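Number of protein chains: 2
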Amino acid sequence: MSLKIGDFIAKRAEQVKGSAIREFFSLTEQEDVISFAGGFPSADYFPLEQVKEILMENISATGYSFLQYGPTEGVGQLRSSILEYMQRLGVCGEESNLLVTSGSQQGIDLICKLLINPGDTVLVEEPGYVGALGAVKNYEGKLVGIPMDQKGIRTDILERYLQKIFKNNGKVKFIYLVPDFQNPTGISLSFERRRRLMELASHYDFLIVEDNPYGELRYEGEKLPLLKSMDEEQRVIYLGSFSKIFIPGIRVGWVLGFKELITKMISLKQSTDLCSNILGQYLVLGFYQGGHFEQHVKLLREKYRRKCRVMLKAMEHYFPSQIHWTKPKGGFFIWVTFPSYINAHELLLKCLKEKVAFVDGKGFFCGCRGDNTARFSFSEQTEEDIVIGIERIGQILEAEINSSRLTASR
Amino acid sequence: MSLKIGDFIAKRAEQVKGSAIREFFSLTEQEDVISFAGGFPSADYFPLEQVKEILMENISATGYSFLQYGPTEGVGQLRSSILEYMQRLGVCGEESNLLVTSGSQQGIDLICKLLINPGDTVLVEEPGYVGALGAVKNYEGKLVGIPMDQKGIRTDILERYLQKIFKNNGKVKFIYLVPDFQNPTGISLSFERRRRLMELASHYDFLIVEDNPYGELRYEGEKLPLLKSMDEEQRVIYLGSFSKIFIPGIRVGWVLGFKELITKMISLKQSTDLCSNILGQYLVLGFYQGGHFEQHVKLLREKYRRKCRVMLKAMEHYFPSQIHWTKPKGGFFIWVTFPSYINAHELLLKCLKEKVAFVDGKGFFCGCRGDNTARFSFSEQTEEDIVIGIERIGQILEAEINSSRLTASR
Chain A
246 MSLKIGDFIA
256 KRAEQVKGSA
266 IREFFSLTEQ
276 EDVISFAGGF
286 PSADYFPLEQ
296 VKEILMENIS
306 ATGYSFLQYG
316 PTEGVGQLRS
326 SILEYMQRLG
336 VCGEESNLLV
346 TSGSQQGIDL
356 ICKLLINPGD
366 TVLVEEPGYV
376 GALGAVKNYE
386 GKLVGIPMDQ
396 KGIRTDILER
406 YLQKIFKNNG
416 KVKFIYLVPD
426 FQNPTGISLS
436 FERRRRLMEL
446 ASHYDFLIVE
456 DNPYGELRYE
466 GEKLPLLKSM
476 DEEQRVIYLG
486 SFSKIFIPGI
496 RVGWVLGFKE
506 LITKMISLKQ
516 STDLCSNILG
526 QYLVLGFYQG
536 GHFEQHVKLL
546 REKYRRKCRV
556 MLKAMEHYFP
566 SQIHWTKPKG
576 GFFIWVTFPS
586 YINAHELLLK
596 CLKEKVAFVD
606 GKGFFCGCRG
616 DNTARFSFSE
626 QTEEDIVIGI
636 ERIGQILEAE
646 INSSRLTASR
Chain B
246 MSLKIGDFIA
256 KRAEQVKGSA
266 IREFFSLTEQ
276 EDVISFAGGF
286 PSADYFPLEQ
296 VKEILMENIS
306 ATGYSFLQYG
316 PTEGVGQLRS
326 SILEYMQRLG
336 VCGEESNLLV
346 TSGSQQGIDL
356 ICKLLINPGD
366 TVLVEEPGYV
376 GALGAVKNYE
386 GKLVGIPMDQ
396 KGIRTDILER
406 YLQKIFKNNG
416 KVKFIYLVPD
426 FQNPTGISLS
436 FERRRRLMEL
446 ASHYDFLIVE
456 DNPYGELRYE
466 GEKLPLLKSM
476 DEEQRVIYLG
486 SFSKIFIPGI
496 RVGWVLGFKE
506 LITKMISLKQ
516 STDLCSNILG
526 QYLVLGFYQG
536 GHFEQHVKLL
546 REKYRRKCRV
556 MLKAMEHYFP
566 SQIHWTKPKG
576 GFFIWVTFPS
586 YINAHELLLK
596 CLKEKVAFVD
606 GKGFFCGCRG
616 DNTARFSFSE
626 QTEEDIVIGI
636 ERIGQILEAE
646 INSSRLTASR
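Which chain is which? The protein sequence lines are A and B, in order.
Here the working numbering is used: the first residue of the first sequence is 246, the next is one more, and so on.
Here the working numbering is used: the first residue of the second sequence is 246, the next is one more, and so on.
Warning: the hint list may mix true and false statements.
[Said to hold, decoys possible] Here are the simulated lysine-lysine pairs, DSSO-like style, with alpha carbons at most 27 Å apart:
| # | chain 1 | residue 1 | chain 2 | residue 2 |
| --- | --- | --- | --- | --- |
| 1 | A | LYS262 | B | LYS504 |
| 2 | B | LYS297 | A | LYS387 |
| 3 | B | LYS262 | A | LYS382 |
[To be verified] Simulated DEER-style distance windows between Cβ atoms:
| # | chain 1 | residue 1 | chain 2 | residue 2 | range |
| --- | --- | --- | --- | --- | --- |
| 4 | B | ASP289 | A | ARG333 | 48 to 54 Å |
| 5 | B | ASN413 | A | LEU334 | 32 to 38 Å |
| 6 | A | GLN275 | B | LYS572 | 46 to 52 Å |
| 7 | B | ARG614 | A | ARG614 | 51 to 57 Å |
| 8 | A | VAL542 | B | ARG637 | 49 to 55 Å |
| 9 | A | GLY535 | B | ASP289 | 46 to 52 Å |
| 10 | A | ILE641 | B | LYS249 | 52 to 58 Å |
| 11 | A | GLY535 | B | ARG440 | 56 to 62 Å |
| 12 | B | LYS256 | A | GLU339 | 26 to 32 Å |
It should be emphasised that the hints constitute simulated quantities derived from the structure, not laboratory data.
Bear in mind that the values here come from a model prediction, so they are computed numbers and not experimental data.
Backbone N, C-alpha and C define an ideal beta-carbon position, used for all residues, glycine too.
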């Protein structure tokens with residue numbers, strides 16, 4: 246009998262698209278394209294010499310254990326170090342609250358695996374992180390986007406939504422958000438709204454997933470408390486990552502949360518990938534124990550701060566006045582809103598012809614919105630290329646706006 | 246409102262047990278215990294010097310790319326190398342057929358994520374690999390065990406089962422099996438049964454997941470063809486792993502299968518962990534390109550062959566005649582069957598008091614069977630400790646059998 250693949254695919258995987266996005270990314274990553282599309286950290290800042298040293302020391306000192314299978318929950322010493330680090334961020338926890346993951350993306354996936362029944366409501370910021378939207382969809386969760394403004398998600402709109410579904414005996418499983426320097430907008434959730442969100446979670450009985458890959462990369466203003474540090478009822482599941490403050494290629498992140506949830510997540514992880522890669526965990530541990538983190542993060546802040554300012558300044562200089570964008574105080578991203586008559590995807594295709602790229606914003610929305618929005622990342626390009634790229638896009642935008650004026654006046 | 250965790254757990258995760266098994270393993274892994282429980286490769290054979298060299302060369306030559314995020318489907322050069330390697334095993338494939346995974350356990354998980362709707366029937370060998378049983382359960386698949394004998398799964402019983410459910414308009418999504426030196430029995434599927442299995446898959450329209458972590462570790466007899474090499478209808482999804490033939494701590498495995506399935510799996514993986522760790526992938530690549538694999542696998546075969554023979558000989562010498570066990574021609578495991586009146590778990594507790602351990606077999610079965618069975622792994626202990634450990638267990642078994650005789654004669 247010849248094979249009909251469609252008969253075998255599970256319902257959850259039917260929605261999974263082919264590789265359209267991935268194909269697009271391979272376009273933007275051609276060598277001669279100045280791309281603001283990807284959200285990678287700059288490889289120029291990887292602490293290569295220290296990585297080299299730590300690897301050699303480990304191979305000599307740690308013996309063989311760093312090449313062997315390891316505990317599903319993570320290497321013991323690394324877990325202790327992460328708890329120590331979290332304490333400095335105002336979060337207390339014990340070993341039983343912590344699970345090392347294969348990047349924080351795996352943390353999101355395991356949370357969805359643990360919590361989502363098909364049809365369960367999951368709230369997200371809108372626009373929100375694509376990787377989280379994808380993970381929720383893979384477990385057939387029902388995504389509901391809560392709009393944002395300059396202070397993060399609109400807690401007033403959130404409250405009205407909760408009142409409505411509460412009346413109909415509905416339930417929200419959890420809200421996923423990136424409170425600090427959000428991907429894709431760069432916006433941070435204000436202190437008042439953090440407090441309000443905690444109150445709403447308690448009153449309407451839902452969990453909060455706080456994903457914080459960029460928190461350490463603050464370029465100005467004062468630190469805001471982590472939601473996890475305000476969490477009296479153990480409702481917050483915190484996701485941390487070493488990808489942006491150390492190196493991403495080793496895939497080491499962590500989840501910190503309520504013991505009972507973590508215990509189940511460890512069991513789920515065991516059948517998911519047995520354990521996260523051990524070599525990478527020892528590498529992070531060596532970097533931490535060597536006392537390198539503080540200085541390295543300081544360096545990263547300086548470098549990325551400059552890039553952020555260069556991009557903002559270039560936008561101010563080269564972008565027509567009809568264009569608006571966020572002014573992030575940290576992280577990797579600036580969110581751009583074009584006039585409603587500009588379709589960001591079509592604009593992107595024109596930009597690609599001129600060897601410059603960004604990501605159009607539609608994919609960051611739950612529904613069919615965001616046609617005139619885009620995410621710009623300043624993390625990977627040099628300051629020089631940032632200026633050149635933004636100038637190019639500015640020229641294309643000028644032309645677009647002029648031609649639309651002509652069309653309108655005809 | 247205080248938090249009731251039970252209200253949040255998804256149905257699929259309700260069955261997930263706490264850490265009973267993990268706690269047991271921590272018992273068996275105390276330093277003074279001679280443990281045949283774990284299935285780890287021996288760290289004594291890790292090619293440490295070559296690992297060191299490759300890492301240093303990569304850090305100097307490959308530049309920064311081995312520390313950066315990488316493609317979800319895997320590092321391009323590694324994928325080419327794996328395809329080349331598969332060709333030597335009689336399997337042709339293109340890049341679009343291949344996905345690098347975070348260990349082959351992730352391959353199993355992604356296959357389940359892609360294929361299983363709650364309630365779908367998945368067939369497994371009985372006894373079968375615990376990690377696969379766990380993954381299927383996590384997606385609420387219905388596990389059906391097919392019994393084995395010395396030639397692997399009983400294809401006659403499989404056929405009768407298929408006839409029965411076919412009559413009732415039922416369907417099997419896939420069968421998962423480890424045809425070479427199976428975990429936990431060490432048994433290999435005979436050539437005739439391989440052929441029969443392929444015919445049945447075609448006739449009754451199901452997929453085959455062939456997991457092959459031990460195939461290269463054959464200590465005697467002739468190689469049998471991979472199911473994947475006999476696969477004319479693209480029904481076989483092949484899982485490969487570097488954990489047993491190189492090092493496990495870097496978590497690098499692969500899936501090779503029908504293009505449409507692989508494309509969807511890549512998209513699923515993207516929301517699961519973005520990409521597998523890149524450093525580990527370059528490490529495997531360096532080892533492969535350096536031409537080290539062949540010689541290393543030859544060495545492993547010699548070393549493990551000796552251990553296997555030492556354990557078999559010790560069992561023959563020290564185990565009472567009422568005990569039976571498999572005689573594997575490769576891999577890491579020997580499967581032991583005690584007389585029906587011996588409960589393997591209780592026996593294990595007695596053994597632990599004498600500082601020797603194995604895994605009792607119950608967990609490898611789908612239902613409540615296998616109370617008098619156990620898995621013994623010879624991979625990790627030294628030849629000396631294998632003899633000491635088996636002698637100790639032999640003495641405990643003698644005592645057990647004698648005391649049961651006394652009870653019976655009273």
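Go ahead and decide if the range 52 to 58 Å is satisfied by the Cβ distance of ILE641 (chain A) to LYS249 (chain B). Given about 55 Å between the Cβ atoms, the range holds.
Outcome for the supplied range 46 to 52 Å, where the beta carbon pair is GLY535 (chain A) and ASP289 (chain B): Given range 46 to 52 Å: violated, Cβ gap about 29 Å.
Starting from the range 48 to 54 Å, see whether the pair ASP289 (chain B) and ARG333 (chain A) falls in it by beta-carbon distance. violated (40 Å)
Hinted pair LYS262 (chain B) and LYS382 (chain A), Cα distance within 27 Å: Holds. LYS262 (chain B) to LYS382 (chain A) sits at ~26 Å (cutoff 27 Å).
Can the suggested window of 49 to 55 Å be confirmed for the beta-carbon pair VAL542 (chain A) and ARG637 (chain B)? holds (53 Å)
For the hint 56 to 62 Å, verify it against the beta carbon of GLY535 (chain A) and that of ARG440 (chain B). holds (57 Å)
Restraint status (C-alpha distance of LYS262 (chain A) to LYS504 (chain B) at most 27 Å): This hinted pair holds, its Cα atoms lying about 14 Å apart.
Can you tell me whether the CB distance of GLN275 (chain A) to LYS572 (chain B) sits inside 46 to 52 Å? The hinted range 46 to 52 Å is violated for GLN275 (chain A) and LYS572 (chain B), with Cβ atoms some 57 Å apart.
Given the hint of 26 to 32 Å, is the C-beta distance from LYS256 (chain B) to GLU339 (chain A) inside that range or not? Cβ of LYS256 (chain B) to Cβ of GLU339 (chain A): about 29 Å, so the range 26 to 32 Å holds.
With 51 to 57 Å as the target window, see if ARG614 (chain B) and ARG614 (chain A) comply at their CB atoms. holds (55 Å)
Mind checking the hinted window 32 to 38 Å against the Cβ distance between ASN413 (chain B) and LEU334 (chain A)? This hint is violated: roughly 58 Å between Cβ atoms.
Check the hint pairing LYS297 (chain B) with LYS387 (chain A) against an upper bound of 27 Å on the C-alpha distance. Given pair LYS297 (chain B), LYS387 (chain A) is violated - Cα atoms ~48 Å apart, limit 27 Å.
Going through the hint list in order, the structure does not satisfy hints 2, 4, 5, 6 and 9.
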